[in-house]
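Asks: Sequence:
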Amino acid sequence: FRFDETGRGPLIEMVEGRYILRPETVESIYVLYRMTGEQKYRDMGWRIFQAIERHCKNKCCYSGIVDVTQDPPELNNSMQSFFLAETLKYLYLLFSDSDAMPFDRYVWTTEAHPLPIFGTDAETEKVARSTLRARASR
Numbered sequence: 121f122r123f124d125e126t127g128r129g130p131l132i133e134m135v136e137g138r139y140i141l142r143p144e145t146v147e148s149i150y151v152l153y154r155m156t157g158e159q160k161y162r163d164m165g166w167r168i169f170q171a172i173e174r175h176c177k178n179k180c181c182y183s184g185i186v187d188v189t190q191d192p193p194e195l196n197n198s199m200q201s202f203f204l205a206e207t208l209k210y211l212y213l214l215f216s217d218s219d220a221m222p223f224d225r226y227v228w229t230t231e232a233h234p235l236p237i238f239g240t241d242a243e244t245e246k247v248a249r250s251t252l253r254a255r256a257s258r
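In this note's numbering, the protein residues as written are 121 to 258.
Among the hints, erroneous ones may be present.
Claimed, not checked - Taking CB as the label site, the calculated pair distances span: (1) 229 to 254: 53 to 63 angstroms; (2) 126 to 245: 53 to 63 angstroms; (3) 236 to 166: 23 to 33 angstroms; (4) 218 to 179: 33 to 43 angstroms; (5) 245 to 212: 20 to 30 angstroms; (6) 217 to 238: 39 to 49 angstroms; (7) 170 to 226: 23 to 33 angstroms; (8) 238 to 155: 14 to 24 angstroms.
No wet-lab data here; the hints were simulated from the structure. Note that beta-carbon positions come from the ideal geometry of N, C-alpha and C, so glycine has one too.
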């Protein structure tokens, strides 16, 4: 985005028209929903999921879009691995029970891998110690 000549507000300009099934928007919506519990974030995620199904799904898989301003959009016939590993994972989690991956017990890597936070309570510490013992005895 950029500010207009008056400096009053940002103008959003499309710099690039492609959509390659990236996860960042869905990830942000997931985090916002989990932090606020506001239904509007699930609604946003549902609209994104429906758009992906409508515009990116083909006979065998999903595909990115060459130019989102075209109707119908031209598919680029490429499905990046992060679509399955991140985009769909965050959509799944957005609509899952909030206890599935509680934020106070897991931290997420930039590649959407949940890592347990050890030592935050007695139960977590017990699981961590038994896991480490089991791995050490292999």
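Asks: Which of the numbered hints are not met once you compare them with the structure shown?
Replies: When the structure is compared with the hints, numbers 1, 6 turn out to be violated.
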